[in-house]
Amino acid sequence: MSFEQDLERIEQIAAALDRADLTLDESLALFEEGIKRLRAASDALAKAEGRVTTLVEQANGALEERDASQ
Amino acid sequence: MAALTQMAKDVLEGAFPPLWIRGEVSNFTAHRNGHWYFTLKDATAAVSCVVWSRDTVRIPAAPDDGMQVMAFGQLSLYPARGQMQFMVRALEAEGEGLWRKAFEATRLRLEKDGLLDPARKRSIPRFPQRVAVVTSPDGAALHDIRSVIARRNPSVDLVIVPAAVQGESAPASLVAALELVARWNRADVVIIGRGGGSREDLWAFNDEAVARAIAACPIPTISAVGHEVDFTIADLVADLRAATPSAAAEAAVPVLDELVYTLAALRQVMVAGVQRRSVSARRDLTRGAGDLSIRATRSVERRRARVQHVAARLDALSPLNTLARGYAVARDANGHALGSAAAFTAGQAFSLVLRDGQVDASTIAVRHGALPTAGGAAT
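Going down the list, the protein sequences come from chains G and U.
Take the first sequence: its position 34, counted from the start at 1, is 34 in the working numbering, and no numbers get skipped.
Take the second sequence: its position 159, counted from the start at 1, is 159 in the working numbering, and no numbers get skipped.
If you are wondering where the hints come from, they were derived from the structure by calculation, not from laboratory data.
Where a beta carbon is used, it is the ideal one built from N, C-alpha and C, also for glycine.
You may find that some hints are simply not true.
[To be verified] The calculated DSBU-like cross-link candidates involving lysine-lysine, where the alpha carbons are at most 35 Å apart (straight line), are:
{"#": "1", "chain 1": "U", "residue 1": "Lys9", "chain 2": "U", "residue 2": "Lys41"}
{"#": "2", "chain 1": "U", "residue 1": "Lys121", "chain 2": "U", "residue 2": "Lys41"}
{"#": "3", "chain 1": "U", "residue 1": "Lys121", "chain 2": "G", "residue 2": "Lys36"}
{"#": "4", "chain 1": "G", "residue 1": "Lys47", "chain 2": "U", "residue 2": "Lys121"}
{"#": "5", "chain 1": "U", "residue 1": "Lys112", "chain 2": "U", "residue 2": "Lys101"}
{"#": "6", "chain 1": "U", "residue 1": "Lys101", "chain 2": "U", "residue 2": "Lys121"}
[As the list claims (entries may be wrong)] Pulled a few chain G residues facing chain U out of the computed Cβ check, cut under 8 Å:
{"#": "7", "residue": "Gln12"}
{"#": "8", "residue": "Ile13"}
{"#": "9", "residue": "Leu17"}
{"#": "10", "residue": "Asp18"}
{"#": "11", "residue": "Leu22"}
{"#": "12", "residue": "Ala40"}
{"#": "13", "residue": "Lys47"}
{"#": "14", "residue": "Leu55"}
{"#": "15", "residue": "Glu57"}
{"#": "16", "residue": "Ala59"}
{"#": "17", "residue": "Ala68"}
Using the sequences and the accompanying hints, generate a full structural model.
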């Protein structure tokens, strides 16, 4: 699940909970899902420093990422 | 004849160094052998001109009759006809006419193939994790993009796909780099561009093959060529045109702090929504219990139990809950709250949910009876 998909779903859930036209069960089920996805999204943001690499094609045609952080 | 024309040719070429001449183009012919022939004239004189096919490739477009041009070349003599001719090596039209003509011709061909249709434009992902940059590895553009991304969101991965961005090899190099990105297919968005330069420096980004490679790229593309004023064919084909490489990086990568804030705000909306719902459920229940007959009481009791159960789950999840004050919830394997000693049996496994995690536990012994009120009983 990508960050983007998580965030879109959280936005849907927040909008649904805000409308308050759901049953209690529905609200709670959505809330649980929302919190779960929120944690995943927060974890994705807390990811370590991004990498800088150079994409190179090797002689055999395979693609390789070489570190280019310098 | 041969000796005479050869001598005349040597005299002409010796007498005139390579030079620029200016005039109006007439009788232009592109011969099928690849050479171009035309006459340059002004009010009183005319000179036959030729552009050898190897030199035509460096000229953006063939001139039209009537165009005012400057031609650079060598005056010579064509022995087979005994005719003086000017061998053109570079050609420029007034008002950058040839560049405009080449640009327009390419634009029309791409338009005819539907590649400039606004409906083709894909949206740029809002939160890319990996940004590919097709540009010169030593250029100012890469430097700018790197620093903007590092400032806005250092957790984003940057993948450099090196390409020549000017000179005769640039179009093929850009096409190859774009094909590499497409084959790799792991970037969320591609920035293709370079820093500012002269019209000639930027010309690879008006190349038709480059435009078609951008259109064929399976990943959304952002073009970023030169400065604000520079507009290229690549800009027309890309999903988004950024005025500069820095602007492209800003368009591609959102600010991390804003994302963190967005998530916190969404959390507040969800918590407030579900708390409101749970309060109204409790209120309905209380009102319902007062109204209902004994026959209905059992159903109310069931609903009350359910509400209490879900409320416990809600409390366990809510960031504004009692857990934050150091309390814990005991839950069985199915996630049901274990709210009384009667719910436990010796040896039974359960988990304790605390504000910062969960503890797997097992019941050693069960002792019934009220705890002191000041104690740390689980809620």
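Right, here's what the structure says about each hint:
1. Taken as a hint, the Lys9 (chain U) and Lys41 (chain U) pair is honoured in the structure, with Cα atoms around 22 Å apart against an allowance of 35 Å.
2. Restraint check: the Cα-Cα separation between Lys121 (chain U) and Lys41 (chain U) comes to about 47 Å, which exceeds 35 Å; the hinted pair is violated.
3. With a C-alpha separation of about 33 Å, the suggested pairing of Lys121 (chain U) with Lys36 (chain G) holds against the 35 Å cut-off.
4. Distance check on the hinted pair: Lys47 (chain G) and Lys121 (chain U) sit about 31 Å apart at the alpha-carbon level, within 35 Å; holds.
5. Pair hint Lys112 (chain U) plus Lys101 (chain U) holds up; C-alpha atoms about 16 Å apart against a cutoff of 35 Å.
6. A threshold of 35 Å between alpha carbons decides the hint, and for Lys101 (chain U) with Lys121 (chain U) the separation of about 26 Å falls inside it, so the pair holds.
7. The criterion of a C-beta within 8 Å of any C-beta in chain U is not met by Gln12 (chain G), whose closest approach is roughly 10 Å, and the hint is violated.
8. Given the 8 Å rule on beta carbons, the hint for Ile13 (chain G) holds: about 6 Å separates it from the nearest Cβ of chain U.
9. At a threshold of 8 Å, the smallest CB-CB gap from Leu17 (chain G) to chain U is about 3 Å, leaving the interface hint in force.
10. The interface hint given for Asp18 (chain G) is met, as the beta carbon of that residue sits about 5 Å from the closest beta carbon of chain U, less than 8 Å.
11. Hint status for Leu22 (chain G): holds, given a least beta-carbon distance of 7 Å to chain U, under 8 Å.
12. At its closest, the beta carbon of Ala40 (chain G) sits 11 Å from a beta carbon of chain U; the interface hint therefore is violated under the 8 Å criterion.
13. The beta carbon of Lys47 (chain G) is positioned within 8 Å of a beta carbon in chain U (closest approach about 5 Å), and the interface hint is therefore held.
14. Annotation: interface hint on Leu55 (chain G) holds; nearest CB of chain U at approximately 5 Å, less than 8 Å.
15. Checking Glu57 (chain G) against chain U: minimum C-beta separation of about 6 Å stays under 8 Å; hint holds.
16. Look at Ala59 (chain G): its Cβ only gets to about 14 Å from chain U, farther than 8 Å, so that hint breaks.
17. For Ala68 (chain G), the interface hint holds, since its Cβ comes within 8 Å of a Cβ in chain U; the closest pair sits about 6 Å apart.
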